[in-house]
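From these two lone chains plus the hints, build me the complex, please.
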Amino acid sequence: MTTEEIVTATQALPKGVSLWDDAWLRLKKNKLAMFGLCFLILMSLLCLLAPWLTPYGYEDQDLRLGASGPSMAHWLGTDTFGRDLLTRILYGGRVSLMVGFIATSVALIIGVTYGAVAGYAGGKTDALMMRLVDIIYALPFMIFIILLMVVFGRNILLLFLAIGAVEWLVMARIVRGQVQNLRQQEFVEAAISIGLSPWSIIRKHLIPNALGPIIVYTTLTIPNVMLLEAFLSFLGLGIQPPQSSWGLLISYGVESMEEYPWLLIFPGLALTLTLFALNFLGDGLRDALDPKASRD
Amino acid sequence: MWRFILFRSLQAVPVILAVITVTFFLVRAAPGGPFDSEKAVSEQVQRALEAQYQLDLPAYQQYFNYLGDLAQGNLGPSFYYPGQSVNELIFQGLPVTAELGLYALIIAVFIGVLAGVIASLKPNTIQDYIPMSLAMIGICMPSFLLGPTLVLIFGIWLDWLPISGWNSAESKILPSITLGAMYAAYIARLSRAGMLEVMSQDYLRTARAKGLPEHIVILKHALRGGLIPVAAFLGPAFAGLLAGSFVVETVFQVPGLGRFYVQAAFNRDYTMILGTTVFLASLIVVFNLLSDVLAAWMNPRLRFQFRKS
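Chains as they are written, first to last, in my numbering: chain A, 1 to 296; chain B, 1001 to 1309.
Next comes chain B alone, as it looks inside the complex (with noise of 0.2 Å):
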């Protein structure tokens, strides 16, 4: 198992760094410099903002400086918002995009492996054909349609709940549902086939066979090999979640990462952008890191394969 974590964690360097040089180098080539405004700038101010901000220097220096900062947790300063740093910026928006990430993945988790448990057990049903035709419904609507016609339908017609903001609990629910319902689709869709795959196996037939009650059988013995599928997603959905909640954070008016990173993108912020991407693609190579981790645990096969090599 040891072996596995360290194989996988040393699989994450080159990743990590290819985004930081890709990232990098993209936003270097970007036409257009960070302080080009509509009002002209003489250029002996242009020389020293661009002398403070270091960008005087050639471009692998700049490089090279950036991945010495990096190394320390240095992200540098906004050049959108002056005296602000990056670091300072992402750690304002993040608590609030990790709780609403982790709301997400909660109702996505509990909705989808619930719905995909259920409808495999009586398959090619009535009670198989209503939760996965929902499910279908979920991977069809973008969140960007989803959030809105909730708004639309609990907000506006029936005046349930608040439109947007994130202060109070309700303010908290629409959000939090726009943004699992698609991963509680695709969740519903993966326990769905594991389970229908572990089901005729023999181990299933064996603790059937020892005269174990049905929910023991399915609770304790189907659901770790079917459910492995959906341990393995769970790293490219948390990708997915993060990428998700840049929509629904502008749709809801939330005040997360996500917004931040539109908002820079917008303003041409290329030291928030390349932070922010930085920032972003590493939690999501970890976060992957950790699904497989979960997924080898969950599958003595995976794990037995890394001790024998």
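Extracted from the complex, chain A is given alone in its bound form (with noise of 0.2 Å):
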């Protein structure tokens, strides 16, 4: 066989399917998953793009209109000093989407490391460190985190802290877990057995073996951090005025609901959709990175 040939044989070779692939193929025959992710990509691409797509500036008042409803001029209407709604809420959108990621990332961070650390060390080590996580996971972090938010002041770098400190536990449980039972494998073995350090088995072997169940979990948490900002901010004690974020049009579309009911409705559909389109997403990405996992 001459070497033309045996090239020839292999790309005759149908293929291999990784992981990933049948993942990925799973995932796109899950409809509303895909409808999700579809969504999900169109609503950040919107809201990124937004000083370009709309003729208003999110502050651009027209006291002479005051709040009108949905017209051609202003799709989803105007709010009371003639703001354009939709605007505002493409601009809202970058900020409650931008904490949802960012403090996500935070959590990430925290726990996949601690996590990692604890599964890789074992022993007392691990048994001190969860049970730590265990007692910060009994405290009542909704109440922390409005007192943090009182008691130094309403600083969005603070706001992203706060929310990832409390998002981190469950992380870090579930990188524990992975990493504990990877760790009595062969591949580690011989990671070890060559002389590489714990730092880089974790970072290079253990890590990216436990990534299903770490992107999954991702998914599910960004949500819960969007509701946790959206839900600080109609408090007061989130994002402050002139920025603006879906839970603070929310609150200003409380308050004149009687008369100007599309202000309250249309930013509450924002969040909603963009809520449900996470949950599909992250749902559709368990029964296809961890199809054992249970749902709950």
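Hints in this document: simulated from the structure, not taken from any laboratory.
The reader is advised that the hints may include incorrect statements.
Covered, in the sense of this in silico footprint (three residues per stretch, anywhere, with C-beta under 8 Å from a C-beta of chain A), are these stretches of chain B [said to hold, decoys possible]: (1) 1130–1140; (2) 1143–1151; (3) 1247–1259.
Quick list of the computed label-pair ranges, beta carbon to beta carbon [stated by the list, open to error]: (4) A/177 <-> B/1125: 29 to 39 Å; (5) A/132 <-> B/1098: 25 to 35 Å; (6) B/1215 <-> A/24: 57 to 67 Å; (7) B/1168 <-> A/161: 55 to 65 Å; (8) A/196 <-> B/1018: 36 to 46 Å; (9) B/1133 <-> A/157: 33 to 43 Å; (10) A/75 <-> B/1168: 51 to 61 Å; (11) B/1081 <-> A/69: 21 to 31 Å; (12) A/45 <-> B/1102: 39 to 49 Å.
Keep in mind the model is a prediction, meaning the values are calculated, not measured.
Glycine residues also receive a C-beta, built at the ideal position from the N, C-alpha and C atoms.
Below, the structure is given as structure tokens:
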């Protein structure tokens, strides 16, 4: 056989299907999850490109117009200052989505590192670290976040940290469980035997293998985080004007819902539909990446 | 069983202590004292005030004094409402919040279990999809959006129910539904998953093989096993109900504990914040304990695990 023949023979072989391809195929079959994914991509693009999409600025007032219902000029109507609601929803979406992603990243980094270290160390270190997680888990966090925001002022950086600090606990538990199982396997022993440091074993071998559950749980954390942000903004403890977020828009909408119901309905729809999409995508990813996991 | 209860009770102690400690020092670390008002107060008055509330002592001494008072059930005086103690304020709001929480929990468990069990009887049919889609709406629609939406529909447009307050029976309907809806949704998902898991187990096949009618199989055998996740969820749900009642009480102007807490937060009434946090946190820890005990009672395996060790 010449080299050329071998090359053609190899090319003729069917392409291998990796676990990721497999999961992607399963996800593609799930209509609700794909709808969620498309909706999220569309929503993120619209919010990101908002300055180029709408002819209005989000603080442009038109006091002569005042609050007006949906029309050709203002698709979703205007608020009491004559500001275009669609523009404000898109700009608010930037903040809400950003809080969702950044705070989830904070939770992701803390949770994965903590869980991987505990699972890899094992023994007493592990027991101590996980007992600490149990204790923190039992603290009533909603109350603590409100306390934090009141005591240290309403600062967006603190908001990220506070929300991230709440959401890392479950992630730590999941990763620790995964790492504990993987640690027993031969490839980790092999990695130890060639002298890799524990840190690079965790980074290069353990975390990539635990990626499935991590991705699934991350997708399910984002809606929680966005809800938390909206809740705090609604109470007046989260995002502060002139910045805007969906929670803040909803709280303005509530004030004037009797006369101008669209001010409540449209921001509410934006938040609810986005959370819907995230939850559908999360459920779909769980089924695709982790078919054995129970649905709860 | 008693071993289990004792063990879990001992675990609750460090949690409550941690709550007290963290909250105490967090509140002390806050910039600006409770008496920093717009009106300039002479230094003498300021010092007299601080002495009266023992703020001139070193922090650790204040901490141990507070723990001592707490052991006797005394949460100290309110900084904002002179002459009233935190205890009095808490017990003014508590009955209202407890009533609201109870109604919400009843709604959540009743609707949630019903929907979840109905869905689990015929999985992946219309009978499954409709209740579960409704549950998804319940999860994605936060109470601060659901509440105003219900007010808009039933209070303003249809004019069937009062839009705020807490005095007549009708005025209690919307707040309770708003607070309970999200937990009904979670409970529906949990009980559906739990029931599906149990349905494929051998002991149910045995029950059917004995010739028991289907409704007895479900009501007597499947429910007890299938609802264990729901029982374990009741503790966290209660914690969530308390936190959620902040919003519902604000939206519907219900004079309960949650509204006091949010007001105390805005008034910088530090003893009130501290007292309410400690009180609520302890309540939550106790309820988590109760729900774990309930779950253990429903699941013999969990009980025996503890008997052996």
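Hints and how they fare:
1. Proximity of the region 1130–1140 of chain B to chain A, defined as three or more residues with a beta carbon under 8 Å from a beta carbon of that chain, is established by the 4 residues found.
2. Using a Cβ-Cβ cut-off of 8 Å, 5 residues of the region 1143–1151 of chain B lie near chain A, which meets the minimum of three, so the contact claim holds.
3. Proximity of the region 1247–1259 of chain B to chain A, defined as three or more residues with a beta carbon under 8 Å from a beta carbon of that chain, is established by the 3 residues found.
4. The supplied range of 29 to 39 Å is met by residue 177 of chain A and residue 1125 of chain B, whose beta-carbon atoms lie about 34 Å from each other.
5. For the hinted restraint 25 to 35 Å between residue 132 of chain A and residue 1098 of chain B, the CB-CB distance of approximately 32 Å keeps it satisfied.
6. Judged by the Cβ atoms, the range 57 to 67 Å given for residue 1215 of chain B and residue 24 of chain A is violated: they are separated by roughly 44 Å.
7. In this structure the hint that residue 1168 of chain B and residue 161 of chain A lie 55 to 65 Å apart at CB is violated, the actual value being about 44 Å.
8. Between residue 196 of chain A and residue 1018 of chain B the beta carbons are some 37 Å apart, a value that agrees with the proposed interval 36 to 46 Å.
9. Hint check: residue 1133 of chain B to residue 157 of chain A, Cβ distance near 38 Å, so the stated range 33 to 43 Å holds.
10. Checked against the hint of 51 to 61 Å, the C-beta distance between residue 75 of chain A and residue 1168 of chain B comes to roughly 41 Å, which is inconsistent with it.
11. For the pair residue 1081 of chain B and residue 69 of chain A, the beta carbons lie near 45 Å from each other, so the given range of 21 to 31 Å is not met.
12. Checking the proposed 39 to 49 Å range against residue 45 of chain A and residue 1102 of chain B shows it holds: the Cβ atoms sit about 46 Å from each other.
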